[in-house]
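Asker: The lines below spell out each chain.
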Amino acid sequence: MVQAANSDVSNTVMAVMAQESQVDAPPRDSLLAVQNLKKSYGEIEVLHGIDFDLRRGEVHAILGENGAGKSTLVKCLSGFEARNDGHLYVNTKQEFSGADIGVAPSPMTNNEDSAQAIAARDWTHAAAEAAGVVLIHQEFNLAEQLSVAENIFLGSELRGTGLASLFIDKKKMNELSRDYLATLHCTIDPATLVSDLSVADKQMVEIAKTLAKDARVLILDEPTAVLTQKESAALFELIDRLRGRGVGIIYISHKLEEIERIADRITVIRDGDLVGCYPAATLTKDDMARLMVGRELSSLYPKVPAPYESASVALSVHGLHVAGASEPENFELRSGEILAFSGLVGSGRTALFETLVGLRSAQLGSESKIFVKGKEVRLNSFADARAHGVAYLTKDRKGSGLLLNKGLRENFSLYALAHFAGIIIDTRAEQSAFEKAVETFDIRMRDTGVVAGNLSGGNQQKLLLAKMLETTPDIVIVDEPTRGIDIGTKSQIYHFLAELAAAGKAVIIISSDMSEVIGMAHRVAVMHQGNIVGVLSGDEITEHEIMRYATGLKAAAA
Amino acid sequence: MTKIDFKTAGPFIALIALFILGIFVNDAFLSAGNVSNILARSSFIGIVAIGATFVITTGGIDLSVGSMAAFISGCMILLMNALMATIDSLVTIIFLAIVASAAIGGLAGMINGLLTTKAKIEAFIVTLGTMGIYRSLVTYMADGGTLSLNFTLGDVYSEVYYGTLLGLPYPVWVFLVVAVIGYVLLNMTVFGRHCFAVGSNESVAHYSAINVDRIKTATYILQGLCVSIATIIYVPRLGSASGQTGILWELEAIAAVIIGGTMLKGGYGRIGGTVVGALILTLIGNILNLTDAVSNYLNGAVQGVIVIVAVYLQRGAWRAKN
Chain B
-13 MVQAANSDVS NTVMAVMAQE SQVDAPPRDS LLAVQNLKKS YGEIEVLHGI
37 DFDLRRGEVH AILGENGAGK STLVKCLSGF EARNDGHLYV NTKQEFSGAD
87 IGVAPSPMTN NEDSAQAIAA RDWTHAAAEA AGVVLIHQEF NLAEQLSVAE
137 NIFLGSELRG TGLASLFIDK KKMNELSRDY LATLHCTIDP ATLVSDLSVA
187 DKQMVEIAKT LAKDARVLIL DEPTAVLTQK ESAALFELID RLRGRGVGII
237 YISHKLEEIE RIADRITVIR DGDLVGCYPA ATLTKDDMAR LMVGRELSSL
287 YPKVPAPYES ASVALSVHGL HVAGASEPEN FELRSGEILA FSGLVGSGRT
337 ALFETLVGLR SAQLGSESKI FVKGKEVRLN SFADARAHGV AYLTKDRKGS
387 GLLLNKGLRE NFSLYALAHF AGIIIDTRAE QSAFEKAVET FDIRMRDTGV
437 VAGNLSGGNQ QKLLLAKMLE TTPDIVIVDE PTRGIDIGTK SQIYHFLAEL
487 AAAGKAVIII SSDMSEVIGM AHRVAVMHQG NIVGVLSGDE ITEHEIMRYA
537 TGLKAAAA
Chain G
161 MTKIDFKTAG PFIALIALFI LGIFVNDAFL SAGNVSNILA RSSFIGIVAI
211 GATFVITTGG IDLSVGSMAA FISGCMILLM NALMATIDSL VTIIFLAIVA
261 SAAIGGLAGM INGLLTTKAK IEAFIVTLGT MGIYRSLVTY MADGGTLSLN
311 FTLGDVYSEV YYGTLLGLPY PVWVFLVVAV IGYVLLNMTV FGRHCFAVGS
361 NESVAHYSAI NVDRIKTATY ILQGLCVSIA TIIYVPRLGS ASGQTGILWE
411 LEAIAAVIIG GTMLKGGYGR IGGTVVGALI LTLIGNILNL TDAVSNYLNG
461 AVQGVIVIVA VYLQRGAWRA KN
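So the protein lines, in turn, are chains B and G. Each residue of the first sequence is one higher than the one before, counting from -13 in our numbering. Each residue of the second sequence is one higher than the one before, counting from 161 in our numbering.
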């Protein structure tokens, strides 16, 4: 109703803005630009007028907290979502300086202006791709059972000539794919099935796909979330090469170090509003975090006092032999202690803990002794672990953590359901526990009726945390607790974990994020090829030391 | 919001529409006899379909229910005829047959469940296999012909099908009781919640400390018990069993479940919808019987169209919601 009363005013404003944007055409070297872009879902406006432009050969980072509207913005830019208002310009004329990607003539080139305004309804996904604007999603869009080459040419398969045009020219597709991959310094065989590739290689295939499409604007949404440091470094080199070729790259990440490393300009958005666009050189990481959150981050990592020497041992593990690992494993931690497990991706951290809590079977014939608070327990199933106060939060919150198509309350109570039920579930108790958890964990949602899949990543993680902590476990194991979430939510999660430790719980953090390991842990166990190779504490906890153990350069004397 | 409501209410609206159609088609439609006939006939498929709702909600499928019903009927009849020689009390004989029926149904369901979960064979294949096995066993037991219940026994037992309470036949009451228990079990208990969880994402269920195999097996056992209950009230209707007994029940049961709004991919189930679905299927047959406009032989075709339209409407609503 208030909106209706103001509609005259806002119409006037919009008219003025429209006029302005007519006058204010985008810079001539822009590949892609939007002015005053607005986007609503239903009645809720999520982007309130964003200006953005991407130049040739630059990496333009978009920075913002989860739910700030970054993904929506790039969906509008790449034609996956139609904007509700604002202007979009795309440059379809300029040639790349790098000659080794042949640029196909685009269907929209016959225009006087180099940057052409495109109506919202015309900017479809197909039109965007035809204009060379390609979005690489967080979740890959690859057909797992097809080969690398077949994926690269999916939808635009090459055919033979003459009668052979009825058939796909596999040989040529493989050859070209090999060329594309070679320009990415990637040596995978184009005939390999995608299902056999590592996550990093799959990403290379996604990028190779964009080469096949002559991408001039490449949008990367959280590309390093699933990569190791080494793989990320390779990706950055690749980005540098593409930039050198004149490709414009829009880069979304929560990792400020990465943005510092590769971005030329940074656009910050907050709650759907444009905060500003800055040359990357003028911002420190602190500045970035402050602009994103809109307030000073007092401290990302809360101080957690080390447990008293006298604190009792909360968990003691002897001879736990993970299936396939070379040796059984021993470790223990005390109440109030935060023990981090570091290591490269694939070093066996998740397997170790999934075996501990009964989600996987141990090596056949192995015999382990596990003590929780001094009492020997057998954890043959995850339900046993729950009964003995050991909780494990999966790192795969979408695949194994939450029922994405179910409501928040049902997700919240699933693990602790026995708390709310004899035979019949007491939905009132369930609801009030849920409401309490929403408050405690600051879970933000559009309305309480949404399904878990509609929450932002950070809020999903908080919901998962609430779900697993509802049983009030004594030992909390969190696997990659902050992967792919924004810095504000990260800070919240660190504070939750710190509170748990302060309350005398034993906390284990499995993490590939070096700064969070260093910032949070009292001790760090480093794993390499399936086993713990070193345990660091106090001043020994440095990035350098951890990496030396993680890469196998150093191993503790046995 | 109205679309979501439509999704829930859709089957009910269709039922009411069919009912009104029935009234126009033939005056006899509303007669007490016809209405109670519709309800009684719905109860077999309805009871089986309630079991199927659990299986499908949990992400499984059971194709063996029709054969299983025939097999249990055959076993019951053979057992009762045999017991005539040793036990005098006819009621005791019938009681023992009912116990045996439940045991066989539960066991048959457990076999389906264990083959699916422990042997890790797809439910479709397991139950396709057991479907063939039970069907051929009953044919073998009847030596290719028909097994008939002893006449004296049949007289006593027929009360279970033809008897009434408060003007409604017993099968209708049984249907009602099974539906209420099914509703409570699926919507209000931990077990029901776990069925939904397993059906929507097994991995999440596993990581929520749910024993996925046990839940799945339990749904097949429930399905077996429902088949057994349906058989117990079905045997006195005809007093016989043959290779033709319970033919296509599995498809009618699945159809009832789907018309009722349960999703075949799992994770979303409605007992109320299933009851309505079973009534709709019976109503179609009944209305075709009462009219000359469409041949009764086209019953299956009309049912098929209804299933497809029902799912189409659900999909449409589903898409609009997202």
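Derived from the structure by calculation, the hints contain no laboratory data. Worth double-checking, as some hints may not be accurate.
[Claimed, not checked] The list that follows gives simulated cross-link-like pairs (lysine-lysine, BS3-like), each with its CA atoms no further than 30 Å apart: (1) B:K199 x B:K188; (2) G:K280 x B:K61; (3) B:K289 x G:K425.
[Unchecked claim] Now the in silico label distances, taken between C-beta atoms and shown as ranges: (4) G:T168 x B:R227: 51 to 59 Å; (5) B:R414 x G:G193: 39 to 47 Å; (6) G:G292 x B:G439: 55 to 63 Å; (7) B:E125 x G:E282: 42 to 50 Å; (8) G:I407 x B:E130: 50 to 58 Å; (9) B:L144 x G:S296: 22 to 30 Å; (10) B:V185 x G:L181: 51 to 59 Å.
All values reported here derive from a predicted model rather than from experimental measurement. The beta carbon of each residue, even a glycine, is placed where N, CA and C say it ideally should be.
Asker: Please go over all the hints and tell whether each is borne out by the structure.
Answerer: Hints, verified against the model:
1. B:K199 x B:K188: 17 Å, holds
2. G:K280 x B:K61: 41 Å, violated
3. B:K289 x G:K425: Roughly 48 Å separates the two Cα atoms, so the pair is violated.
4. G:T168 x B:R227: 51 to 59 Å: 55 Å, holds
5. B:R414 x G:G193: 39 to 47 Å: 45 Å, holds
6. G:G292 x B:G439: 55 to 63 Å: 40 Å, violated
7. B:E125 x G:E282: 42 to 50 Å: Check failed, 26 Å falls outside 42 to 50 Å.
8. G:I407 x B:E130: 50 to 58 Å: Violated, at about 40 Å.
9. B:L144 x G:S296: 22 to 30 Å: The hint (22 to 30 Å, Cβ to Cβ) is violated, given that B:L144 and G:S296 are roughly 53 Å apart.
10. B:V185 x G:L181: 51 to 59 Å: 57 Å, holds
This entry does not satisfy hints 2, 3, 6, 7, 8, 9, going by the numbered hints stated previously.
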